[in-house]
Each structure stands twice: as structure tokens, then as C-alpha cells.
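Two chains, two frames, a set of hints: combine them into the complex.
Just so you know, the protein sequences line up as chains A and B, in that order. Under my numbering, read the first sequence as residues 1 to 190, first letter to last. Under my numbering, read the second sequence as residues 1001 to 1398, first letter to last.
Derived from the structure by calculation, the hints contain no laboratory data. One or more hints might be untrue.
Said to hold, decoys possible - Chain A stretches covered by chain B per the calculated footprint, using a threshold of three residues with CB under 8 Å from any CB of chain B:
(1) 60 to 73
(2) 116 to 130
As the list claims (entries may be wrong) - Pair by pair, the computed Cβ-Cβ distance ranges are:
(3) Asp30/A - Arg1309/B: 31 to 37 Å
(4) Glu1022/B - Asn5/A: 39 to 45 Å
(5) Asn5/A - Met1177/B: 57 to 63 Å
(6) Ala60/A - Thr1283/B: 17 to 23 Å
(7) Glu54/A - Ile1043/B: 50 to 56 Å
Note that beta-carbon positions come from the ideal geometry of N, C-alpha and C, so glycine has one too.
Given next are the chains, with one letter for each unit.
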Amino acid sequence: MYKNNKQLFVEKADTIQSFLLAVYQFLKIDYPKFYKMDNLSKLGFLASEVLLKEQNLNFAPEEIGLVLTNANASLDADIKYFQSTKQMASPALFVYTLPNIVMGEICIRNKFKGENSFFVFEDFNADFLVNYVSDLFNNNIYELCICGWIDVVQEDYTAALFLVSNNKAAEALLFTKENMNKLFKSAATK
Amino acid sequence: MSSKVYIAGLGIISAIGNNVAECFAAMENEQAGMNNITYLKTIHANEIPVAEVKLSNDALALKTGLSNKISRTALLSLLAAKEAINDASINIHDCRTGFISANTVGGIDKTENFFEAHFKYNAQTNLHDIINHECGKITELVADKLNINAYTTTISTACSSSANSIMLAARLIKANMLDVAVAGGVDALTKFTLNGFNTLLILDKEYCKPFDENRNGLNLGEGAGYVVLVSEKVASTLKKEMYCELKGYANANDAYHQTASSPDGKGSYLAMQKALHAANLKTTDIDYINLHGTGTNNNDLAEGTAIERLFKPAYPKMSSTKSYTGHTLGASGGIEAVFSALAIKHKIIYPNLRLQTPIKDFPFSAEKKLLKNQPVNNVLSNSFGFGGNCSSLIFSKI
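In isolation and in its complexed conformation, chain B is listed as follows (with noise of 0.2 Å):
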């Protein structure tokens, strides 16, 4: 049994960076990474934007040794991986070492194109663009490459699947049967989200301003962020710094809609609280939460009331970092829990971009500047998902 669990390792890849450092660079400097949508074909090009990755499948292909041919979500994950198990730099085969990977688009980037070319030509398709279809097939690749095969599982529980894959492993290890989880998630641009996401009317065709009065909905993003857990034993045997502990963590049903939130944000309460309970903190324990903070009106209506039950008088800094990636779907947990470790480590708390009228409705705003030098010693990060699946993850200072 291991009582903690130590974060040893951080892997990000994503609109803003192509790994931790030039995300972080880019966090420092305010530069958000929306644009015109670039590599996904799709009609909505010039009308919708979106926070892709700076890279193509072929150049993430020669960066990671996988085809150029293979689904763009395998690609992404592998290079956030390979960053995380560098960066803890544990050999991960002297261990019991587990990979725990959510993504919630799988292999769609690939299935999507085949079936439009399949109907024109006929049969003259490459069966081969629809076998990693489903989200397991993406992780299988993943592991295979990075050659863990202790235990290895997908989770896809919509927006909040790579917080939950960062639970589940947290849980193995404290369980005795890993001693170190690569855990996180993916998930890269496809038209069947975009044009899913788009009839749902919450897409915000500027970028988009969560938290903010006038905020107008969400930009879709892709990515992939994972951070490497270790068990007690095995911190104490690496020489390197653990970032922090995840000290808390926690999942709820929001119980109200399929894909809305409750007005009251009774399941982004219940996780948040539940989580505080499992690290053993006080709301005025809490410096910054890590906001899910989509920018649609529902979700961070939501969010804020929960907030304000569970914090009042006294709320912590906050932000959506979301403001500079994207909403990344099963990707923004794990992305979210490696700028968590990172504002621990620096001290810092991340500006919401783009903020001007803070939401009327609350006693509080989140960020509008970037703040130095600050004591961050326990982080809140949320994830809350269609299905009313909401999680909470409480990163603390060692």
C-alpha cells in the first residue's frame, strides 16, 4: 500500500506548445492558440475557430516514429507520453508501470475521411484508415510504442475522461498493484465533433471568454497532456523533485441532463467537495481552481454557483485555462493537470484571456493578469462532462 501518490512527470502537447516548456513560455507570455481551423478538411474552415496543434500528421509522425498514416489521437498521445516518462525519468520496466489513457474520438480523424472516399470510389479505401476506430485501439498503440504492458486501459467519459484516468491510477497505485501510471488523456479535431459541438449551438465563432458576462460559448481544441504517478516508494528512490501530490480527487453525477448542467451545479459541487474531504482540506486551503470553465453560458453558470455554495465567503484565485488551449474534450483533464503541477511548481497563477465583464451573477472574478510569486500550495482542478460525469482533482504542495 502506498498512503500518497507523487506526481514524477509532466507530458502536454497542444495549441499553445509542442511540450511543457513552450506551452508554459506561451501561458507566461498571454498567447492564446485559436486560429483558423489549418489541418482539419472541413467546410466550417474560415467560420469557426478552433485551437489546434501547430504540427501536421506527417511532422508528428517523423516526431514520434509512428506512420503518418495512423490516426492523429495516437500520434498526439504518444509525444505528450514520451515527454511525461522522460521528464520523471524512472525506467518504467524495473516497475510495475500501468498506462491509463482517455480519449473520446479515438480513431473517428481517420474513419470520418475513409467512409466519404469509400461511398465516391468505392473500394478502391485502405481498410487499414478504419482498424484503430475505437478509443481502446488508440491507448493499445500508445502502449506498445512505450512498451508497458503491466496495465494498460482506456477511459471515455466524455469531458471529464482524462481526470478520471488520472483517479483510476492514483487508485492502482494506492491499491498496491502499480507502482508508477503514466495517466492522462487525448483527443485530437474531427468534423464529427466540430459539426456535433456546432449543433449544439455552443461553439463561440469569436474566441471564446469563459467566465465572462458575455461569454458565448465554447472553441473546440486538441491535444494531449499525461502526467506520471508514482507510488511512496518509488519517489523516495528517484533523485529528481516530485512536482506535488495529488492529494485529493473525486467524481460525481450531476443527475439532470444528458449533456447540460444543472443550475445549481449540483455535481460540480458534490465533486469538488468530495475531493476536499478525500485530501483532508478546508475551502480556504484551496489558492487557485483550475476552472473546467468551457465559456458556454450553461457550464460555467454552473460551475460558478457550485463555487459559491461550497467557497462563500472566501473564494481562492481562479481561471480557465481553457481560454488559451481550447476546450480538448478527453484530452483537458490530463492538459489541466500539468498546468496545476506547473503553477505549483512556479508559483504562479494563470490569467482567464480575454476576461473584461466578470459574470454579474457572482461575488468573485477570475483572473484577469497573470500573477508571479504567488503561495500555491493546493491546486482544484475540474473536469466536468456530458452525462453529468463531473471530477475534481486536488494537486498539493510537498
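With the rest of the complex left out, here is chain A (with noise of 0.2 Å):
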């Protein structure tokens, strides 16, 4: 787990469950609901958590959006409900077959009231997000957007989160697809 490039966390787990415990203990968060949360909200909690820690959020609810992307939509929490209905489907992981439900969880975590909308692409796609997210803000849609990509299928997960603004901070980095695609493949590749 890395933030601004920085080795947060190490752990060698057996499985994406024991991972995500393992990050979600690290963090020292007291958050219940985490433990209903399926594996591609509980990974995108994580990395929401990570990224907004210690973060002033001066802004208002409404303001505050999210773009987020990934190759594989709900696929993982679809193969789970399917699963299930070979004895009983289970609606509370029902809840969970749709890519758009980890945003969700994002804005009830952090009361997020602002545009949310979810794409799906092959790959990582930096061009596309700064596009459009350059787009909501200029036509001020939003003052802060959490942008970015979290996947999972089983056992196989990646997550990298953005946080982009107007206002200029003193580590910021400029929002243009060549630095997102460095962030994103040094990430990717640790």
C-alpha cells in the first residue's frame, strides 16, 4: 500500500480477504459496515480511506465528486450472488452486483453528495479521465473529485485513487494523463 509514493503498508496474504483485513486493522479505522462490504467496495474503501487520511476537505458536500473506472464491473460480487442462488440468493450480496455500489459506500463513509458516475474500459485510462474530469471542472460541476481505478476479480486486485483540485497544494502534481500513468504504473507494478 502506497500513498504519494510512499510504502505505507507491507503485507504477503494468502488471499484478498486476509489482505483487505489486514489493510482495514493497519489503519486503525472503526468502521462495522466494512465487514458486509464486498471485496471491490471493500477495496475501494481502503484506498478512499488511504487517500482522504488526513486531508482537510474544506469544501461542501455537493462539491465533492467521484469518476471511478475498472475492467471489470461488479464481476466479482456477480459470480458470488450467482453462486448463492444455487441455495438461496442472498440479498445482501445482491446489493453488491453493481460496479457503481463501492461509490456508494465511498460517499455514505465520507457524506459525499456531489456527481458520481462509474466507466468501464480494458484498461487503465488516464487520457479518458483527465478529459472528463477536467471537463466537470470546468464548467464547475464540482470543487474536488476523487478519480481513478479499482478492479477486482477473486483473487486479482488493484486499486489507485486520485485526488484533484483546483487549488494547487504544495506536493501536488499537475493533472495530465503522463502523470497519472506514472503514478499509475508505479503503483501497479510494486
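Shown next, in the form of C-alpha cells:
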């Protein structure tokens, strides 16, 4: 787990379940809803917790938006729900069979009420994110945006989130395709 | 840059008709589309009513030229998208045309049957049945048939999906990335969604009664609805009259629960308020609200509470056309965009079928009767989805 290129936590876990739990415990979060989430939501939730930790979010809830992407939508939850239907269809699994539920979970946790979109691409698409998010900033749709990639299929998972704002913070990088690709690549290969 | 975006064409298929003319006639004749399940193979066939499109996959394949083996989602989508393009009478290859289509089930209708057969008969199943499983493949299949390649994308944000695809299309035109966009969405009925909504205990075993005190859940439906959005420049070259302008749109998150709406409808309130702001309109300018109105206790209460807070003390006329079409999930925003444009064109307010006792908590009621010759200048259309995803669109007479 990395933040701003700094390693925060390493865990050689056998399964995604135990890795996500280890991160949850490492971050010392007290949020029992975490245990009810599917893996996509857990991964997105934890990534957003790391991203937003010690951030001073001085904006109204409706000024903060989310634009997330991935390759496999909610396939991971779909498979688990489908398996449950052989015994008895589980409502607790069914509610996670949509990719945008992870955004709902992040919004619930942080009380964000701004615009949400979720897009599915074969690969991380920095070009699209920069164009789309910049257009929304240019049209004053929001003041702060969390964007990036949250993807899970069974034991294969990657999360990379970016916090984008109009105000230049001391350590901030320019919101460009090149910078995003560089960060994504360095995160995904670590 | 195009500062305005117009609606030049409409296409629809739903339980009440296979095209715009049939659907509109059913709306005028107050004929709902719910019935016992006919085409979907499920053990719930005689127990849960649904609003199915009244065509088999074979019949849809004949009408579209696609294979009858392909997902019903793609078949429905192509039929409605083609109608919308023909109606707009634009040569879509003369300009930068995009196809922005929403759906939530993708090719699950094929996948769920594939697996049953696969585990029973092992290797004797056809892998072609699962290659179009994901939502984006449905859009690609249809875009290929329509010969649209400038821009295609798929939006999947639950029940607000196709409202969001119309919103994205408008933005792409305004940002001068497209001249024309075919935007909306589709969903076919599947066991996956039927069983899922059934486990949430929100399916009415009778025909649904949105915005009624005694409402008891939703009826699932299927279908597709598309609008052809055009820039000002394209509109000026067309001989036909535009249906209306897409004047405002907004999306907000309710940030309350994965599936339930907040009691005060915060997300719905924000979506409607921000759409009005974007359209530069006051609440009193809205003549008709096409409600999300699923018929579940929770949605109608949250949506009504948000309307009361925003519109008090003067309420526009309103109704849920899901009382005709059922809840078509990823298609509902597109289908209801078509109904909104038709309401403006025909100066008509649709009734909220089967409404007997308006919700007692609210100082307003949905319309019980069809109203003709109404001043319908601005229509607000709501679409709210799981994940707290709330969208509102505003269609305005030109």
C-alpha cells in the first residue's frame, strides 16, 4: 500500500480477504459496515481512506464528486451472488452486483453528495479521466474529485485513486495523462 | 461549442409497444403492459407479474437482422436505437456521431442459461452464449450494426444509468466533441434481476401502484429508449421540427445506503435542484414531473419528500409512467426521456395508473386522469438508482 509514492504498509497475504482485513486493521478504522461489503467495495473504501487521511476537505458535500473506472465492473460480486442462488439467493450479495455501489459506500462514509460516474474500460485510461474530470471542473460541477481505478476479480485486484482539485497544494502534481500513467504504473508494478 | 442541445429523434420498445407510435397510443388509451411472465423461463412465472416486451427473441431477430441467439438486451437496444435515428432523419455518417448506451444486465440472459446447461451437460454448451456477457459488449454489438464508430461508451449506474448516458451525451456535444449522439439505454428481463429484487422483498405481486398510500413494491419491466441529441448547428440544418431542448441535467449522490433512499430524499433533492439551476429555471416553471416512482414504499416516500421540500407550496402535475412500463432499470431514464419529449409535443400529461389513495403524508397527488391540451413547457424527469445515484433531466419546449 502506497500513498504519494511512499510505502505505508506491506502484507504478504494469501488471499484478498486477509489482505483487505490486514489493511483495515493497520489503518485502525472503526467502521463495522466494512465487514458487510463485497471485495470491490472493501478495496475502494480502503483506498479512499488512505487517500483522504489527514486531508482537509474544505468543501460542501455536493461539491465533491467521484469518477471511477475498472475493467471488470462488479463481476466478482456477480459470481458470488450467482453461486448463492443455487442454495438461496442472498439479498446481501445482490446489492453489490453493480459497479457503482463502491462509490455509494465511499459517499456514505464521507457524506459526499456530488456527481458520481463509473466507467468500464479494458485498461486504465488516463486520457479519458483527464478529459472527463477536467471538463467537469471547467463547468464548475465540483471543487474536488476522487477519480481512478478499482478492480477486483477473485484474487486479482488493483486500486489507484487520485485526489484532484483546482487549488494547488504544496506537493501536488499537475493533472495530466502523463503524470497519472506514471503514478498508476509505479503503483501497479510494486 | 454548442450552447444548446436539442432532441431530434425518439426510439422506444417496451411492454406497451414496439415503437413510439404504439407506446404513445397505449399511454393515451391507459393500457398498462404488465402480465404473467411469458418469455422469461423462471419458476416465478405465475406468481410475479412483469412488464415484458411482447416479442420473442426470434421476432426481435427478424426485425433487427441480428441473430436470434444473441442477448435479448442487444436485440431490444438495436430496435429502439434504429427507430430513433430514422426518426431524426439525419445521415449520421455526415457528422461526428456517438452512441452512448446504458444497461445493467448486459448479456446475463444468455449467461444464466449457459451455466445451467453447462453444469448439467458439461462440454456440450456453446461458448458463444457467454462472449457478450459484459455490459459494454451489448453497446459494441449495437454500435457496429448502426455503423457508429466516432464514440461509443456504456454507462452502468443502476436505475439512473440511461439518464446519465443522456447527460454525458449532452456534455460531449456541448464540449464540441460530438455533433450528434444517440443516447439512452436498455435492459432485458433476466432471472438474475428478478430473483435479486425478489430477495429484497420489493416486488409487488399485483400490478404496481406508484405514489399510492397502499403501494406494495415495483414490477420489473424491460425495454429500450433512445433520444437523438443534436448540436445547435446540426439542428439548424434539419428540416424537421425538434421535439424539445434538453435544458438541464444533474447528478448527485444520496450518500445514505447501498440500496435504500434517505428518508428526506437528500440525493433526489440535490439532483432536481441542480438540474433546475443548470436550466436556469424556477420550480414554478416546471409543468410536469415524470417521477422515478417505482412503487416501493421507500423510493416514493423519499422522492415525494424531496419534491415537497423543493416545490412547496406550488406543485406541478406529476405521474410515474412505470405504472405502464414497469421498472425497466437501466432503460428507464431513456424510456422516460422519450415520454417526456412526447408530453411536450402532444401537450399531454400521463396518468399514474391504478392510483386510488394518494400518499397521505404529502400535500400533492400524482395525476389520476389523462390530461390533454395542457401547457407542457418544461418537464422534469427523475431517475434514481442503487448506490445512491440520483439524476434529473429537464426537457423544454422550444
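Quick rundown of the hints versus the structure:
1. Counting residues of the region 60 to 73 of chain A whose beta-carbon sits less than 8 Å from any beta-carbon of chain B gives 4, enough to reach three: the coverage restraint holds.
2. Taking a C-beta to C-beta cut-off of 8 Å, the region 116 to 130 of chain A contributes 5 residues in contact with chain B, enough for the three needed, and the coverage statement holds.
3. The hint said 31 to 37 Å for the Cβ distance between Asp30/A and Arg1309/B, and at roughly 33 Å that hint holds.
4. The supplied range of 39 to 45 Å is broken by Glu1022/B and Asn5/A, whose beta-carbon atoms lie about 59 Å from each other.
5. Judged by the Cβ atoms, the range 57 to 63 Å given for Asn5/A and Met1177/B is violated: they are separated by roughly 33 Å.
6. For Ala60/A paired with Thr1283/B, a C-beta distance near 21 Å keeps the hint of 17 to 23 Å intact.
7. Take Glu54/A and Ile1043/B: their Cβ atoms lie about 53 Å apart, and the range 50 to 56 Å holds.
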